[in-house]
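S.K.: Here are the chains, one letter per residue:
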Amino acid sequence: GAGVSQTPSNKVTEKGKYVELRCDPISGHTALYWYRQSLGQGPEFLIYFQGTGAADDSGLPNDRFFAVRPEGSVSTLKIQRTERGDSAVYLCASSAEPLDEQFFGPGTRLTVL
Amino acid sequence: QKEVEQNSGPLSVPEGAIASLNCTYSDRVSQSFFWYRQYSGKSPELIMSIYSNGDKEDGRFTAQLNKASQYVSLLIRDSQPSDSATYLCAVNGGKTGTASKLTFGTGTRLQVTL
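Residue numbers (the numbering used here), protein chains in the order written: chain A, 2 to 114; chain B, 11 to 124.
Just so you know, these hints were derived from the structure itself, not from any lab. Keep in mind that a hint or two might mislead.
[Claimed, not checked] Here are some chain B residues the structure puts well away from chain A; computed CB gaps all over 10 Å:
id, residue
1, N17
2, S22
3, G26
4, S36
5, S42
6, Y46
7, K52
8, E55
9, S62
10, R87
11, D93
12, A100
13, N102
14, L112
15, T113
[As the list claims (entries may be wrong)] Incomplete in silico selection of chain B near chain A, CB under 7 Å:
id, residue
16, P54
17, G69
18, T72
19, F114
[To be verified] Quick list of in silico lysine-lysine cross-link-like pairs, DSS-like style, CA-CA up to 25 Å:
id, chain 1, residue 1, chain 2, residue 2
20, B, K66, A, K12
21, A, K16, A, K79
22, B, K66, B, K77
23, A, K18, A, K79
24, B, K66, A, K79
25, A, K79, A, K12
No residue lacks a Cβ here, since even glycine has one placed at the ideal position from N, Cα and C.
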């Protein structure tokens, strides 16, 4: 596709449930990033993949959060036992190479009731 | 001290005027600097990148970088109502964690009035 795509665009879930958020980066981009944005704040880094491996997961808030990128393209962010504080917009970005310009997808708005 | 600081605004400028948006960063080893525009309810859109000291111009936009002062700015000439948005400053290449991750400011809300 022409840009980064993310699904679903909106996800409403109940506290304690498990959710998966998907990101499809720009074709050929080796680097993929997940960020989280709360209202009135800038995006906050979660995890960075270079190829299939997580090069930096220092931004994941706790062990309920996990992400994979098994074939070096599509990535899935997984959140277990969701909490109301997890409610935010989850943004995915990709870049051709590390340190290159990052292009964002439309985001997934997660609401935990 | 926040890693990337921006005035939250709103910054109000009349149509046709120059809008000046400022950003300071704390990590002296930061390498790359970006400006993103974000409309309400939308995701950030890259509008400018700058890597070396000085000015970089692209259409109505000019990015300015001063690494000695740890300062980066964005000028928007001939401001239009469609420029009304939040402008996010982002930095990478710092000391903490991977160099690739972006650290964002909280954004400056720009309002262009008719």
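S.K.: Take the hints in turn and mark each one as holding or not.
M.R.: Okay, the hints, checked on the actual structure:
Every CB of chain A is more than 10 Å from the CB of B:N17 (nearest about 13 Å), matching its label as outside the interface. Annotated as non-interface, B:S22 keeps its C-beta farther than 10 Å from every C-beta of chain A; the closest such distance is 18 Å. With a least CB separation of 29 Å from chain A, B:G26 remains clear of the 10 Å interface cut-off, as annotated. Its beta-carbon lying about 15 Å from the closest one in chain A, B:S36 satisfies the requirement of being farther than 10 Å from that chain.
At roughly 6 Å, the least C-beta separation between B:S42 and chain A is not larger than 10 Å, which violates its mark as non-interface. With a minimum CB-CB distance of about 8 Å to chain A, B:Y46 fails to clear the 10 Å threshold, and the non-interface call is violated. With a least beta-carbon separation of about 7 Å from chain A, B:K52 fails to lie farther than 10 Å from that chain, contradicting its non-interface assignment. Here B:E55 does not stay apart from chain A, with its beta-carbon only about 7 Å from theirs, under the 10 Å limit.
With 10 Å as the threshold on Cβ separation, the claim that B:S62 sits away from chain A holds: the shortest Cβ distance comes to roughly 14 Å. The claim that B:R87 is not at the interface with chain A holds, since no C-beta of that chain comes within 10 Å of its own (minimum 22 Å). In this structure B:D93 is separated from chain A by more than 10 Å, as the shortest Cβ-Cβ distance comes to about 19 Å. A cut-off of 10 Å between C-beta atoms contradicts the statement that B:A100 is not in contact with chain A; the least separation is 7 Å.
With a cut of 10 Å on Cβ distances, B:N102 falls inside the contact zone with chain A, its closest approach being about 6 Å. Consistency note on B:L112: stated as away from chain A, yet its beta-carbon is not over 10 Å from all of that chain's, at 6 Å minimum. At roughly 7 Å from the closest C-beta of chain A, the C-beta of B:T113 falls inside 10 Å, breaking its exclusion from the interface. Annotation: B:P54 was flagged as interfacial toward chain A, and the flag holds, the nearest CB pair being 5 Å apart, inside 7 Å.
Interface hint at B:G69: violated, since its Cβ lies 17 Å from the closest Cβ of chain A, which is beyond the 7 Å cut-off. Taking 7 Å as the C-beta cut-off, the interface hint given for B:T72 is violated, the closest approach to chain A being about 17 Å. Contact between B:F114 and chain A, as hinted, is supported at the beta carbon level, the nearest pair being about 3 Å apart and thus within 7 Å. Taken as a hint, the B:K66 and A:K12 pair is broken in the structure, with Cα atoms around 40 Å apart against an allowance of 25 Å.
Taken as a hint, the A:K16 and A:K79 pair is honoured in the structure, with Cα atoms around 15 Å apart against an allowance of 25 Å. Of the pairs offered as hints, the one joining B:K66 and B:K77 holds, with about 14 Å between alpha carbons and a cut-off of 25 Å not exceeded. This hinted pair checks out: A:K18 and A:K79 have alpha carbons roughly 11 Å apart, not beyond 25 Å. Taking the CA atoms of B:K66 and A:K79, the gap is near 40 Å; set against the 25 Å cutoff, the hint is violated.
This hinted pair checks out: A:K79 and A:K12 have alpha carbons roughly 13 Å apart, not beyond 25 Å.
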